[in-house]
Each structure stands twice: as structure tokens, then as C-alpha cells.
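Protein chains: 2
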Amino acid sequence: MRRKDSTSVFDEKSKIIAADFFRDLRNRICSEFEQIENTQNQTRHRDMPAGEFSRKVWHHADEDGTPGGGGEISLMKGRVFEKVGVNISTIHGHFSPAFRAQIPGAEENNGAFWASGISLVAHMRSPKVPAVHMNLRMIVTAKHWLGGGADLTPMLPSPQDKTDFHASLKECCDRHDPKYYDEFSAWCDRYFFLPHRDEPRGVGGIFYDYIDTGDWDKDFAFSKDVGNTFLDIYPKLVRRHMNEEWSDEERHTQLVKRGRYVEFNLIHDRGTQFGLKTGGNIDAILMSMPPEVIWE
Amino acid sequence: MRRKDSTSVFDEKSKIIAADFFRDLRNRICSEFEQIENTQNQTRHRDMPAGEFSRKVWHHADEDGTPGGGGEISLMKGRVFEKVGVNISTIHGHFSPAFRAQIPGAEENNGAFWASGISLVAHMRSPKVPAVHMNLRMIVTAKHWLGGGADLTPMLPSPQDKTDFHASLKECCDRHDPKYYDEFSAWCDRYFFLPHRDEPRGVGGIFYDYIDTGDWDKDFAFSKDVGNTFLDIYPKLVRRHMNEEWSDEERHTQLVKRGRYVEFNLIHDRGTQFGLKTGGNIDAILMSMPPEVIWE
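Top to bottom, those sequences are chains E and C.
In terms of this note's numbering, the first sequence has 256 at position 267, counting the first letter as 1, and numbering is strictly consecutive.
In terms of this note's numbering, the second sequence has 34 at position 45, counting the first letter as 1, and numbering is strictly consecutive.
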């Protein structure tokens, strides 16, 4: 019999599979992004050194100080990627009583949880290259589920990028469930929206949460595919635009657009709120902040 | 007999006195800040034209579209004041049902409210000159009260500025109630604090709210004194430092410090939340955002 305050009767092997995949994906992403840095040839920044990821380990503790896992932030400030952060974490502990009511299954076991995930935000030097966000996560309370998604934020209109990004994610979704793409792209549009500006954050992508069909292997195959699809399509968009020229006006437009990104993340984003309320590492939570921003 | 959904039985003359004072204070502040722009003589920016305020009128409407007053944003982007906004507003209407519970007296009259105030945020070009925030407000529901305050955010350590700013506000408080300064400076320290960073936003000042001693004229004399005291002390601090030289490193420190300002305002500030939840004008609400910010 399990203790009342432990997480669900759930195959511990799945936790290991998920955390291992997130780590491996992180490694492949960082390697690919460093390769992009090496091949850049844009006028303004070709004389800068190619960026390399640096890594910072952090440890999680509950509000009462009880330790429970941690994470690693990989951060690169390069000549293509002005600032890109890739964070992986695997933490466990107890949600605070005030927070439990918002989390499925958290009140049934005194707030005990286990969570693992990867989160990525890239802010690019070129306003011609869209910013991007990708996240995959597995949460275990008395219930367990998978969530994630990827979404694109062009700084200037770029319909072809939007089309290709969505087509790639649609193919990915269709490999797993014909209903997924419509449902998850609509969810993405609803989620990444700034009501106070009455405008979307970007051009969407997919967003999903609370996935538990009863077949974890099948569900996780979808999350893996989303991660691998991201790693396939986003570098293509970066390479498509990274050597193009841009004007100071386009750079200005980019820095103003980044302000909207900040507003969304600090006012609305659930991931940010989740991090702040679970005593998350502040560097990891605010890794998503753009390097340079303008408010007019 | 008054209708159930109107604001309290409260001297309408006081509303006019308050709104008129806020407008007059706005005019005097803008005039003083423009004078400062004209006398600047700092190496980096002396060739820029002196800043002048531009004004933008906005109108308030409740969520259902019912109009109810509005405000004026005065904005200056100058060579001393990189971005300073002074907003005055006088609005009325009904708080949304969800918001009423948080506002004293708002549930007793179906959310009817009247509010008038002045709000100011100044972000300076020089990292040697502290940023500042000042706000005065009068709210009427079934109850009525005054609130406000002023607080200083130096970008580099400047103990003399802190000392003088606090001394000035303490003298102001002491003219009205010997308990005010201790109470309101402690409230300011509690309020302008970033729990997620475990650091204060600035070096404090005073913050007060829900003032209603039963003698409105006396209470409002205090708010007027706070406004006039601000207009006396802050320009002195600006003139003290505005012609000093600064380094690129000091500028960088300033831009990073401004990120904390953004985090506070978007994550914690009640005024921002109040504005967003009452359908406030987005330009007026986010007028406080710094013009240029860095997250490292």
C-alpha cells in the first residue's frame, strides 16, 4: 500500500523514460543551435564569435526547505541567437495548500507531485527570424498527464514561416490522432493571447495539456514527436532568414514586439505562475525574458 | 433618497476639489520637468532637443460599453527624462462582479464607483538620476477614501538621495500626523518588494491607502502636501545629478535594474491590476514601462 502523500501508483519507469528523453532532446537542440551559430554569415554580426551554451545547475526545494530534485539551464548568447535558454528539470515535493486546488489530483494526496520537463525560448538577433517557444512536460500527482507545445512569434510579417511551422506540426499531430491538430492549434491561439492588448502573442502553433488516454506509451510517443518535430522545423526557419539584411526600423519593431512577449509572460503565462508559486528557480523561470526590449 | 447603485452620499464638491487639484498638480509637474529639460548640459545628450510633453486624451467605458469619464496622458521623451508619463483620470462606472469583493464598499452598491487620480513614472537617461513614481488617488464606492505615495528607485547606490527623499516625505507626514511617516514608509517597503527576487524595488518612500479619518478636508490636505512635496524634492535630485558623466557599465546596470521595475509592475502592482481589471486605457496603464530594458 502506498502512503497517502505520495504520487499516484504509476510506473516509475515512465518517469525515467520521460526525464531521459527531455535531457537527450536538450542535448540535440543545443548541438544543432551551436552548429547554426558556426555557419552564420550576416553582415552585422559575422565578426562576433559563434555562441556556445553555458550550463547552470539549480536545486528545487519546497517552501519549507525540503529538497526535491532540480534542473539545468543551458543559456547561449550568440550572433544568431541573441539569447536562447533551454531548461530541463525534474522535481518533486508538495504543492502549497493554496496552489493544490488548481492542480488536478493534487488535493487527493496532500499536494505531492513529481514533474519533469523541457522548456525553450529563443530570442533572435535578426528581426527577420521568428522567436520561438517550445515546452514538453509530464506531471504526476494522484493523476498523471502530459502537456506541451510549440509556438512561433515572428517579429515582422512572415506568412511562409507560419505556413511551414503549422504544416510541420499538423503532420506531427496527424501521425497520432486526426483530432489533435485542430484542437491543439485552437488551444494555442486561445492561450497565447494578450486580452489587455486584444492581440495574439504570435502566429500560434500547438498547445496541449492533461493528456492521459490510458496508454502512456502512446501519449508519450506524441510528446516525443512534438519535440523532434520542433527540432526539425525551427532550424530550417532560422537558416532560411539568418543571413538576410535588416534595417534599424525592423530592429526597432522587433524590440517593441518583444515588450508584448514580456507582458504575456509576466501577466498571463501559467508556466511562469507555476514556477513562481512552486518556489521555482528564478533564473529558470525568467530565462524567457528577452535580452533587450523597448516600450514606446 | 439615493439609488442603490450610486456611490455614497458624499459631498460632490470634494470630488471636484480633488480632480481639480490633480489636474493643477499635473500642470505644475509638467512645467517644472520641461524647465529641467531646458537647463540640461550633460555631454552625451546636450545636442538633443529639450523634451516637451505631448498629451493624449482617453475615454473610460465599463465592460458593457457604458462610458464614464476618462483621462489624459502627458508623455515626454527628452534628453534628461528618457521617458516620463503623467496620467490624470476621473472615471466612474461599475466594477465587474468578480472585482467587487476586493474593493471596500463596492458590493454594497452593485459595484458603482467614482475614482480620480494622478500617476507619474519617470525613467531617466542618466543612471545617476533615480527613477521615481508618484500617485495620488481618491476612490468613492459606498465608502470613500484617499490613497497615494511616492517612492524612489536609484539605479546606482545613492545614499544621499535616499536620505533627502525620505527626510522630505517625513517632514510632510509630520505636518499632518506624527504616526504617518513610520506607518506609511513601512507600508511602502512592504508594497514595493519583489518576493520572487527577494529584493526591494527601490529605496522606498511612503505608500498609504484607505485614508478616511472622517475629516475629508484634513485628509485631502495631506494628499495635496504629498503631491507638492514630491514636486519640491524630486526636481532637486534630478538637478543634483543630471549633468554628471556616466559609464557604459553604469548604463548597463540601469537597464538591468529597469527589468526589475517591469517585473514588479506586471506581476505585483495593484495599480496595474486595477487598471487591467477595470478596462482601463492600456496606454495609461503601461505608461510606467521603461523605454529600454535588458534582461541578462
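Don't take each hint at face value.
Given that identical chains are not distinguished, each listed pair holds provided it fits within a single copy or across any two copies.
[As the list claims (entries may be wrong)] Quick list of in silico lysine-lysine cross-link-like pairs, DSSO-like style, CA-CA up to 30 Å:
hint: 1; residue 1: K2; residue 2: K151
hint: 2; residue 1: K246; residue 2: K266
hint: 3; residue 1: K66; residue 2: K246
hint: 4; residue 1: K246; residue 2: K207
hint: 5; residue 1: K132; residue 2: K66
hint: 6; residue 1: K132; residue 2: K159
hint: 7; residue 1: K225; residue 2: K213
hint: 8; residue 1: K246; residue 2: K45
hint: 9; residue 1: K225; residue 2: K207
hint: 10; residue 1: K168; residue 2: K45
hint: 11; residue 1: K151; residue 2: K132
Derived by calculation from the structure, the hints in this document are not laboratory data.
All figures in this text were calculated on a predicted structure; none of them were measured in a lab.
Consistency of the hints with the structure:
1. K2 - K151: For K2 and K151, the Cα distance exceeds 30 Å both inside one copy (37 Å) and across copies (57 Å).
2. K246 - K266: The answer is both: 27 Å in one copy and 23 Å across copies each meet 30 Å.
3. K66 - K246: Classified as both; 20 Å inside a copy, 20 Å across copies.
4. K246 - K207: neither (38 Å within a copy, 46 Å between copies)
5. K132 - K66: This pair counts as neither: shortest intra-copy Cα distance 38 Å, inter-copy 53 Å.
6. K132 - K159: within (28 Å within a copy, 55 Å between copies)
7. K225 - K213: within (19 Å within a copy, 60 Å between copies)
8. K246 - K45: both (28 Å within a copy, 22 Å between copies)
9. K225 - K207: within (28 Å within a copy, 68 Å between copies)
10. K168 - K45: Neither: 39 Å inside a copy, 48 Å across copies.
11. K151 - K132: Close neither inside one copy (35 Å) nor across copies (52 Å); limit 30 Å.
When held up to the earlier numbered hints, the structure conflicts with 1, 4, 5, 10, 11 and fits the remainder.
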